[in-house]
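Sequence order for the protein chains is A and B.
Heads up: the first sequence runs through residues 1 to 315, numbered per the working numbering.
Heads up: the second sequence runs through residues 1 to 314, numbered per the working numbering.
Just so you know, the hints here were simulated from the structure itself, not pulled from any lab data.
Be aware that a few hints might be false.
What the hints assert, rightly or not - Covered by chain B, per the in silico footprint, the following chain A stretches (three or more residues, Cβ under 8 Å):
| # | segment |
| --- | --- |
| 1 | 195-202 |
| 2 | 211-223 |
| 3 | 258-265 |
| 4 | 291-297 |
| 5 | 300-310 |
As the list claims (entries may be wrong) - Label-pair distances were calculated between CB atoms; the ranges are:
| # | chain 1 | residue 1 | chain 2 | residue 2 | range |
| --- | --- | --- | --- | --- | --- |
| 6 | B | Ser251 | A | Thr48 | 47 to 53 Å |
| 7 | A | Ala287 | B | Glu32 | 52 to 58 Å |
| 8 | B | Ser22 | A | Ala215 | 51 to 57 Å |
| 9 | A | Ala284 | B | Gly250 | 31 to 37 Å |
| 10 | B | Ala217 | A | Lys250 | 32 to 38 Å |
| 11 | A | Lys250 | B | Gly231 | 36 to 42 Å |
| 12 | B | Gly169 | A | Ser131 | 44 to 50 Å |
| 13 | A | Gly127 | B | Arg39 | 51 to 57 Å |
| 14 | B | Glu236 | A | Gly127 | 52 to 58 Å |
| 15 | B | Glu236 | A | Lys283 | 37 to 43 Å |
To be verified - Below, simulated EDC-like cross-link-like pairs (lysine to aspartate or glutamate); rule was C-alpha separation at most 16 Å, straight line:
| # | chain 1 | residue 1 | chain 2 | residue 2 |
| --- | --- | --- | --- | --- |
| 16 | B | Lys152 | B | Glu117 |
| 17 | A | Lys57 | A | Asp41 |
| 18 | B | Lys49 | B | Asp211 |
| 19 | A | Lys312 | B | Glu262 |
| 20 | B | Lys167 | B | Asp25 |
| 21 | B | Lys263 | A | Glu263 |
| 22 | B | Lys49 | B | Glu135 |
| 23 | A | Lys226 | A | Asp185 |
| 24 | A | Lys282 | B | Asp211 |
| 25 | B | Lys249 | B | Glu210 |
| 26 | A | Lys282 | B | Glu210 |
| 27 | B | Lys57 | B | Glu41 |
| 28 | A | Lys282 | A | Glu222 |
| 29 | A | Lys264 | B | Glu262 |
| 30 | A | Lys2 | A | Glu161 |
Glycine included, C-beta positions come from ideal geometry on N, C-alpha and C.
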Amino acid sequence: MKILILGAGAIGGYVGGRLQQSGADVTFLVRPARHAALARDGLVIKSTKGDITQKAKTVASGSEGGPYDIVLRTCKAYDLDSAIEAVAPALGPDTTIVPLLNGYRHLDTLDARFGVGRVVGGLARMGVAMSEKGEILHTSPFAAISFGERGGKTARPGLIELDAAVKKAGIDGGLNGRIEQDLWDKWIMLCTLASTCCLMRGTEGDILEADEGTAIMLETVEECRKVAAAAGNDPGEKGMANVRSYLTQKGSRFAASMLHDLEKGSMVEADHVVGDMIARAKKAGVATPNLRLAYAHLQVYLARRARGGIGKPAM
Amino acid sequence: MKILILGAGAVGGYWGARLHQSGADVTFLLREKRAEKVRREGLVVKSAKGDAVLPVKVVTKGSEGGPYDVVVLACKAYDLDSAIASIAPAVTEATTIVPMLNGHAHFATLDARFGAERVAGGLARISGMLGPNGEILHSGASGVSFGERDGKPARPALAALEAASKKAGIDGGVNANINQDLWDKWIMLGSIASMCSAMRGNVGDIMETEDGAALMAEILEECRKVAASEGHAPSEKVLAGIKSGLTQKGSKNVASILGDLEKGGPVESRQVVGDMLARARKAGIAAPNLRFAYAHLQAYEARRARGGLGQPTK
Numbered sequence: 001m002k003i004l005i006l007g008a009g010a011i012g013g014y015v016g017g018r019l020q021q022s023g024a025d026v027t028f029l030v031r032p033a034r035h036a037a038l039a040r041d042g043l044v045i046k047s048t049k050g051d052i053t054q055k056a057k058t059v060a061s062g063s064e065g066g067p068y069d070i071v072l073r074t075c076k077a078y079d080l081d082s083a084i085e086a087v088a089p090a091l092g093p094d095t096t097i098v099p100l101l102n103g104y105r106h107l108d109t110l111d112a113r114f115g116v117g118r119v120v121g122g123l124a125r126m127g128v129a130m131s132e133k134g135e136i137l138h139t140s141p142f143a144a145i146s147f148g149e150r151g152g153k154t155a156r157p158g159l160i161e162l163d164a165a166v167k168k169a170g171i172d173g174g175l176n177g178r179i180e181q182d183l184w185d186k187w188i189m190l191c192t193l194a195s196t197c198c199l200m201r202g203t204e205g206d207i208l209e210a211d212e213g214t215a216i217m218l219e220t221v222e223e224c225r226k227v228a229a230a231a232g233n234d235p236g237e238k239g240m241a242n243v244r245s246y247l248t249q250k251g252s253r254f255a256a257s258m259l260h261d262l263e264k265g266s267m268v269e270a271d272h273v274v275g276d277m278i279a280r281a282k283k284a285g286v287a288t289p290n291l292r293l294a295y296a297h298l299q300v301y302l303a304r305r306a307r308g309g310i311g312k313p314a315m
Numbered sequence: 001m002k003i004l005i006l007g008a009g010a011v012g013g014y015w016g017a018r019l020h021q022s023g024a025d026v027t028f029l030l031r032e033k034r035a036e037k038v039r040r041e042g043l044v045v046k047s048a049k050g051d052a053v054l055p056v057k058v059v060t061k062g063s064e065g066g067p068y069d070v071v072v073l074a075c076k077a078y079d080l081d082s083a084i085a086s087i088a089p090a091v092t093e094a095t096t097i098v099p100m101l102n103g104h105a106h107f108a109t110l111d112a113r114f115g116a117e118r119v120a121g122g123l124a125r126i127s128g129m130l131g132p133n134g135e136i137l138h139s140g141a142s143g144v145s146f147g148e149r150d151g152k153p154a155r156p157a158l159a160a161l162e163a164a165s166k167k168a169g170i171d172g173g174v175n176a177n178i179n180q181d182l183w184d185k186w187i188m189l190g191s192i193a194s195m196c197s198a199m200r201g202n203v204g205d206i207m208e209t210e211d212g213a214a215l216m217a218e219i220l221e222e223c224r225k226v227a228a229s230e231g232h233a234p235s236e237k238v239l240a241g242i243k244s245g246l247t248q249k250g251s252k253n254v255a256s257i258l259g260d261l262e263k264g265g266p267v268e269s270r271q272v273v274g275d276m277l278a279r280a281r282k283a284g285i286a287a288p289n290l291r292f293a294y295a296h297l298q299a300y301e302a303r304r305a306r307g308g309l310g311q312p313t314k
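Okay, chain A solo, but in the shape it has when bound (with noise of 0.2 Å):
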């Protein structure tokens, strides 16, 4: 089974480079730079799981050393569109996009664009950084990936393959029988996080120290969990029960990566995990209020990243 991965980023680095490590047939679509840097370093991975540092085989373009039976894809959300075309040449009639980004919108895309036929569900949980050296750093004890046919069809060869790849090479997770409830509940819990985190400028201890900080975030993760209930996806009661109570954790010092984004400077996918999420709850009539604010909060951000504001003084 060959593999393209498109991006050697954080989690696509961390998965295509233990993948590698376990003896599967991996190829990274990257840009020049990160060609240059990964025939210079290696690919270096620090890992709570062991660190790693080996060759990576690259491509510059998608129609090189194809075609290819899984394509990775684990851009970010507002490089889609750009990666959308670089990966088209990888593309046999055969072969099985497997995205995993956050939200849901870029099935939307991916499906128009390539056909629902290759495109399955994905998601990833780590904890995984790539530090300016280019080096991934993955911190959490865990580092899983999700991925099933959505419509809860059975899963195609390719992907049980996969799954067998992913467990040979030590990565958690696998092929999900209910990998479009796993989006929705993933979905859930990262637009709540980074709507508040981001329009509250603090770690989830932070906003819950606020007077109105709990009530809040409660809001905000049952807005969320009525456009899922809309979609079909209502996560039950077992899963919002944990869902609430990781929100809510008094102390925590956990923060959204959207809040690290920002405070960077850096951009943000803030139409992808909240824009389209207050999209489809119009779509249903569902009220978000506070997803409304936080939304404004990531555009004016925005707007003031575009006009070179971030980082001078306001006044």
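For chain A, the structure is supplied; the task is to place chain B on it using the hints.
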């Protein structure tokens, strides 16, 4: 007339500097560090209306240089308690206190400490900030407004303060309707401070977003309802003026509280936003936007208190 000004920030510093230049008897009551700097380098003003370096009178204790006819409080609202302790020795039976603080919460504290009859109402419309070297960077408006809170004719000390201010080229002066003016300023400030804080951008940035203009109009309406519930609804003209100022596309207008937030400094969260929200609750007025702004400021204060500002969040 002897005037004591507590604080030499943008408001106290600019007003006092112009009073000093025009020959008024002005003394600044400052903390040791600030006092030393002003004594050494003079009070430095940079302004389109004229730069100046002034050898002003400075004291560090209210017991020095008095008695004073007028004591102007030009501190931040969160410094009120220490300000009261500082000015107490300067206040006699004949002294009038003119607080230039934002919001309304300070009146109860001042009245309780000094007696309501000694405390006038006051507010500043002076735009400016302190530069990195303690210099007063004045930009735009330079107005003050003060008067009797019960609407009675101004006492002689306030009339004298008005005459001195006019001579010094400061706009405004005695306002027979100072309570209304305080509310008018507060609903404007409550709105812009809330929005600039919670959105972390200037008015123009906020107006760039889909819902920005709507959110600004909503929060202004929340504040207006609070003012109305206390018998101080703004006139239609005032309200229209505030609204157009707060919803101008491309405006660089920004609340100074955002500068404080981004510097990691203390903020007038409770006085400007929290107290407005508390009054809304008391009056049964829904104030969802004020609620978020206050939560934002409280989360900021929690993060600041634990030393988490400027630290990576992961």
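In rising order, the numbers of the hints this structure does not comply with: 12, 18
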